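For reference, the chains in residue letters:
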Amino acid sequence: MSTPLQPGQHPDADQLNSFVENALPLHEHQQTLAHLATCAKCRNIVYLSNLSDLGEFAASQASVKRKPWFSGWQLAWPVAAALACGVIFAVHLHNIRISNDETVITAAANPKTTLPSPTPLVFPHLSPPDKLKPAPARTPNSHTAGTPSAAAFGAVTEASTGSLNGPLQAQSAPVLSLQDHNTVFLPHTGPVPTTGSMHGSAFKSTDQPGSAETKATTGSLASPIGGPILRADQVNADAVNHPQQKTVSPVELQNNQADLPTQRAFSQQYRTAVPVPSAPLTTAIAGTSQTVNVNGAMTTIDVTPSDQPLTENRLSPTLPSHLPVLSIVSKAQQMLALDTSGTLFFSKDFGVSWQSVPAQWTGRAQKLRLTPPPSQAVAKDPNSSPAAHTGVIAGTIAQSQLSVFELTIDTGAIWTSADGRSWKQK
Amino acid sequence: MDTASSQPGELTISLPSARCPVPSENISSSLPVELVQELWLAAAAESCDLTHTELAAALYTIGAKSNHGLPIEVRPNAAQKATFFRALRLPDLALAQACALGREAAWERFLILYRAPITQAAIAITGSPTLGHDLADSLYSELFGITEHNGQRRSPLASYSGRGSLLGWLRTILAQRHIDHHRRTYRETPLDINDVPEPPPTPTPHPAEINRLTQAIAHTLETLPSEDRFLLASYFLDEQTLFQIARILHVHEATVSRKLKRLTASLRKQLLRNLHSRGLSKRAAEESLGADPRDLELNIRTLLQTSQPKPFSNKTSHAEPDQR
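As they're listed, the protein sequences go chains A and B.
When we follow the working numbering, the leftmost residue of the first sequence carries the number 1, and every step to the right adds one.
When we follow the working numbering, the leftmost residue of the second sequence carries the number 427, and every step to the right adds one.
Keep in mind the hints are simulated off the structure, nothing from the lab.
Among the hints, erroneous ones may be present.
In the DSSO-like style, the derived pairs of lysine-lysine whose C-alpha atoms are separated by at most 30 Å in a straight line are [as the list claims (entries may be wrong)]:
hint	chain 1	residue 1	chain 2	residue 2
1	A	Lys41	B	Lys708
2	B	Lys708	B	Lys695
3	B	Lys685	B	Lys708
4	B	Lys685	A	Lys41
Note that the structure is a prediction, hence the values are computed from the model and not measured.
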């Protein structure tokens with residue numbers, strides 16, 4: 001609009017809109033501005049026009065409103081949380097496994113590790129879930145609650161200990177070192193508490209529920225359950241795979257034959273259902289070593305007289321070198337121990353006092369074991385009667401006293417000794 | 427010139443529409459055929475069923491009205507004219523002209539493009555969806571050209587010049603109609619609500635200082651530039667925000683704030699100077715500025731609105747202060 005506005009004239013909508021959109025030439029802009037300065041109506045029109053423009057602007061802004069930067073992470077948060085939980089759980093499991101391994105290694109390396117007393121081996125401490133408990137309608141021949149451990153530990157029972165009283169009071173168990181098995185075992189098998197003198201017929205009474213013998217047997221047999229269930233299972237598997245081992249124990253022959261399927265199932269249940277605490281592990285190891293070593297010969301039977309107290313010193317002897325025991329064997333009252341430095345120690349009083357045996361070999365001693373005499377013959381007939389088995393065990397243990405110590409050097413050479421002091425190369 | 431205003435009593439000057447016969451010689455002298463063809467293509471006038479002649483007539487009218495964007499004393503040459511025409515929003519202009527001529531295709535396109543924005547703008551202006559829809563519907567009928575003038579259907583779209591956007595023009599039309607409607611309905615207040623006001627007390631004779639102060643303020647406001655007066659009126663009278671003022675003036679709101687601060691300071695200085703020139707000492711002038719505003723019977727709004735220099739007014743005579 002080139003003509004100046006006269007009083008009473010108002011710029012038209014086109015001019016006002018051009019003014020708002022800054023599309024007017026300078027002279028028209030000034031003219032319009034001068035009119036707006038004095039005309040409230042045109043100012044209101046301009047404000048409203050601008051307001052509607054702002055409204056559309058705000059609507060368009062609302063439609064393209066920026067999302068918060070973290071809104072795109074809404075799906076990522078649960079994933080991240082799940083990942084974090086998974087990592088934490090994996091670390092926790094890893095730590096548990098490491099701690100278990102450390103416990104086992106410590107137990108193997110530290111001779112001062114004490115075995116739990118027989119008392120905590122009672123079943124109620126480690127009561128499995130109810131569903132795992134044996135059903136009351138089981139066959140009379142089946143073991144009571146502790147049958148899995150009974151199967152696992154085979155011939156080594158308190159009853160067998162009692163039945164083997166007399167000259168066989170202390171049978172040494174061979175040492176199972178790390179090189180031999182994946183599972184670390186205690187070098188020394190602790191004495192199993194006896195429940196009294198039991199003879200061959202007494203084994204039958206253990207099958208009767210409610211009897212005192214049953215409870216005692218159950219308690220002692222159940223002791224490994226709460227602890228090294230896996231070890232017990234391994235041993236159980238060994239017992240299944242090598243039935244000839246059971247020939248050593250007539251008790252087991254009688255009981256295990258009827259209970260093997262049940263025991264396997266029970267072991268499977270325990271393997272999955274019951275956690276393995278670290279503390280009772282050593283107990284199971286002791287029991288396991290007893291069973292496994294039955295396979296070796298009668299030397300595996302470590303029978304301790306019931307009147308001898310279970311002392312820490314005997315379970316984990318302290319050698320004069322104060323080094324951990326690497327390997328230890330015993331024969332009657334004689335014990336030979338090998339520490340981690342390869343020094344051999346001899347004890348003639350079942351570990352009370354130790355004497356260093358001078359090295360008569362070249363190289364580093366690594367392993368001790370007892371070897372049966374060549375004439376030894378172990379009855380392996382699983383169908384033998386208990387009385388016959390008792391006689392076999394007695395004969396076997398008697399022959400074990402004739403066995404010789406065998407020392408393995410790192411060079412592979414094997415040295416033997418009958419008394420543990422004088423050695424000659426085999 | 428508010429050609430689209432329906433306000434009675436206001437001067438309305440109608441644009442020469444496309445129907446008004448424009449001498450073809452004038453058109454051809456102002457718009458060469460090549461330029462018309464170029465502009466016709468740029469405007470996509472074919473899609474609106476707008477012919478070359480109709481577009482050329484509209485362009486000629488717009489150029490003549492605005493002197494091709496030049497001051498009235500300047501005579502534009504052909505290049506300036508071509509530059510002016512090329513700077514127009516030709517598609518919007520062609521659409522508006524075709525709609526004003528009642529072309530069906532143009533109206534379909536117009537409704538597709540502007541139905542929703544018009545409704546949205548109307549709602550934003552009225553602040554109510556119901557009133558907004560009513561306002562938009564009334565605008566549609568008006569744009570279609572229901573009203574007739576001298577036996578001819580007139581559409582406000584014919585007054586669109588293409589200097590601004592068609593949507594902005596529509597918003598301005600909506601604002602105009604809303605204000606007109608508000609002014610009409612504002613007077614329709616029930617009588618029982620409007621109590622008869624108490625008659626104002628008879629004005630007491632003013633002290634000489636108050637009279638001098640009133641005259642000084644009126645004189646100072648008269649001498650302000652138009653932009654400063656617009657700023658004062660917008661900020662203090664209309665109570666617009668700095669952001670709204672800045673959007674209208676196309677400056678930053680901080681600039682508006684600085685201008686306002688500087689303006690109020692210079693106003694005070696000018697008032698002091700004016701009072702001093704009217705015989706008051708400096709101290710007396712400062713004391714008079716410290717007078718209670720309630721003692722001043724001065725209508726600043728009226729002063730600002732009427733301070734526009736009138737073409738036939740006697741500039742030597744001071745405007746009389748309006749009394750409340």
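Do the hints match the structure? See the list:
no., hint, verdict
1, A:Lys41 to B:Lys708, "violated, 39 Å"
2, B:Lys708 to B:Lys695, "holds, 11 Å"
3, B:Lys685 to B:Lys708, "holds, 26 Å"
4, B:Lys685 to A:Lys41, "holds, 24 Å"
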